[in-house]
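*Asks:* Full structure from sequences and hints, please.
Taken in sequence, the protein lines are chains D and F. The first sequence begins at 1 in my numbering and counts up one residue at a time. The second sequence begins at 1 in my numbering and counts up one residue at a time.
FYI, nobody ran anything at the bench for these hints, they're computed from the structure. Computed from a prediction, not measured in an experiment: that's the story for all the values here. Where hints are given, some of them may not hold.
For the chain D half of the interface with chain F, some residues (derived, Cβ under 10 Å), not all of them [stated by the list, open to error]:
#, residue
1, Lys49
2, Ile50
3, Asn65
4, Asp207
Using 27 Å as the maximum straight-line C-alpha spacing, the simulated DSSO-like pairs for lysine-lysine come out as follows [said to hold, decoys possible]:
#, chain 1, residue 1, chain 2, residue 2
5, F, Lys47, D, Lys39
6, D, Lys188, D, Lys115
7, F, Lys72, F, Lys53
8, D, Lys188, D, Lys221
9, F, Lys72, D, Lys39
10, D, Lys49, F, Lys47
11, F, Lys100, D, Lys49
12, F, Lys72, D, Lys49
13, F, Lys72, F, Lys47
Quick list of simulated restraints, FRET-style, between CB atoms [claimed, not checked]:
#, chain 1, residue 1, chain 2, residue 2, range
14, D, Glu63, F, Glu122, 17 to 23 Å
15, F, Ile121, D, Lys39, 25 to 31 Å
16, D, Gln201, F, Asn67, 51 to 57 Å
Backbone N, C-alpha and C define an ideal beta-carbon position, used for all residues, glycine too.
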Amino acid sequence: MSVQDDILPLAELDEHYTCLTVQYAGHPLLAELALLNQKYQRLERRLNKITRIGDLMQAQIMELNSELNLRANTDPLTGLFNRSGLYPQMKQLAKQLATEHQFFGVLLLDLDYFKEVNDEFGHLKGDQLLVAVGNILQSITSSQDVCARWGGEEFLILLPNCTETSLISMADSVMRAIRSLQLPGAEKRSLTVSIGAYFCQQSEIIDDSIRKADLAMYCAKAQGRDQLVIYTPALGETRVVL
Amino acid sequence: MESLNQIASTSSPAIHFDPISGQLMMSGESYPENTFEFYAPVIGWLKEFIAEKDIAVTLTLELAYLNTGSVKCLMDIFDILEDAYSEGRIVTVIWRYHAKNPRALETAEEFSEDLTLPFHIEAI
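*Replies:* As structure tokens, then:
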């Protein structure tokens with residue numbers, strides 16, 4: 001029997017003229033087809049549901065990844081970038097500086113006598129001081145500047161597109177703001193910061209610039225703290241500014 | 001009939017199915033290496049329990065993450081419970097989720113959409 005013969009062309013319109021009955025080897029197929037169709041639709045619904053829930057789970061993973069990324073790159077205490085968060089920013093900044101031929105400045109800050117604050121008032125107070133300094137840096141820098149907690153009581157500010165004057169002005173603002181900080185319960189404690197600065201006027205690896213600012217900061221410490229020292233590239237020496 | 005107990009791993013949920021009380025619990029994350037192998041005994045246990053015992057069933061779920069295989073297996077579990085419910089069994093599903101995770105709420109709503117059995121979604 002051929003296929004043509006197998007499916008008999010006994011097309012009969014039902015009483016409502018809506019349903020075609022096809023017979024296969026003498027058996028009605030309509031009910032089978034309807035059942036298969038139902039099963040297909042059910043499977044399709046399930047597949048759609050699995051896909052939708054899969055998408056929700058995927059979105060959840062993406063959100064968790066982004067949170068993980070944020071946690072990995074942010075100092076939990078101050079909310080500033082940590083070192084690992086700073087490096088991508090430095091990379092991006094270096095690219096920007098190279099294409100736009102901009103000058104940039106680096107400020108490396110180290111809180112003076114931070115250990116004494118911890119010893120005298122406890123680590124909780126020390127943490128409050130770090131948070132307060134983080135807030136100061138965030139409030140006085142612009143959105144294009146990059147602030148990071150460099151480690152311990154050290155902070156770093158990268159200032160793209162700045163002049164030597166604006167670099168000094170920024171350092172001055174930071175020093176004034178920290179001097180006027182009042183830590184609750186430690187009001188009599190004078191708070192100061194030593195800052196090393198480096199103003200880069202040519203294409204230079206940012207890592208090298210930070211190292212120079214670091215050297216200047218150590219000079220500021222050695223020369224009595226509570227001051228700004230700028231690294232002078234021509235001489236490989238430093239000079240006290242504030 | 002013995003209870004079914006599985007300790008949670010990083011990729012598979014803890015399972016505590018008690019045939020005496022009818023309290024079935026699954027909690028944790030579900031993305032086992034071989035999802036269907038993991039869920040086969042769970043589904044088998046549930047089918048046997050429904051066939052053998054005629055008591056109320058409460059399935060409590062606290063699942064933070066499901067891979068697609070686990071979603072499919074969970075839907076199979078809901079189908080078994082839905083069938084039991086339509087035959088007159090007292091069945092309740094409790095879906096517990098962390099309030100800070102709105103995706104978990106949407107997931108629960110997706111699962112409950114086609115079910116007629118009581119499906120309670122609770123934030124924890």
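*Asks:* So, for every hint listed, does it hold in this structure?
*Replies:* Here is what the structure says about each hint:
1. Lys49: Holds, because the Cβ-Cβ distance from Lys49 (chain D) to chain F comes to roughly 6 Å (cut-off 10 Å).
2. Ile50: The hint holds - Ile50 (chain D) has a Cβ within 10 Å of chain F, the shortest such distance being about 5 Å.
3. Asn65: Result: violated, 13 Å to nearest chain F Cβ.
4. Asp207: violated, 38 Å
5. F:Lys47 <-> D:Lys39: holds, 21 Å
6. D:Lys188 <-> D:Lys115: Distance of about 16 Å is within 27 Å: holds.
7. F:Lys72 <-> F:Lys53: Given that 27 Å is the threshold and the Cα spacing comes to 25 Å, the pair holds.
8. D:Lys188 <-> D:Lys221: holds, 22 Å
9. F:Lys72 <-> D:Lys39: holds, 16 Å
10. D:Lys49 <-> F:Lys47: holds, 23 Å
11. F:Lys100 <-> D:Lys49: Cα-Cα ~23 Å, so holds.
12. F:Lys72 <-> D:Lys49: Answer holds: Lys72 (chain F) to Lys49 (chain D) is near 9 Å, not above 27 Å.
13. F:Lys72 <-> F:Lys47: holds, 16 Å
14. D:Glu63 <-> F:Glu122: 17 to 23 Å: holds, 22 Å
15. F:Ile121 <-> D:Lys39: 25 to 31 Å: holds, 29 Å
16. D:Gln201 <-> F:Asn67: 51 to 57 Å: holds, 55 Å
Of the numbered hints given earlier, the model fails hints 3 and 4; all others are met.
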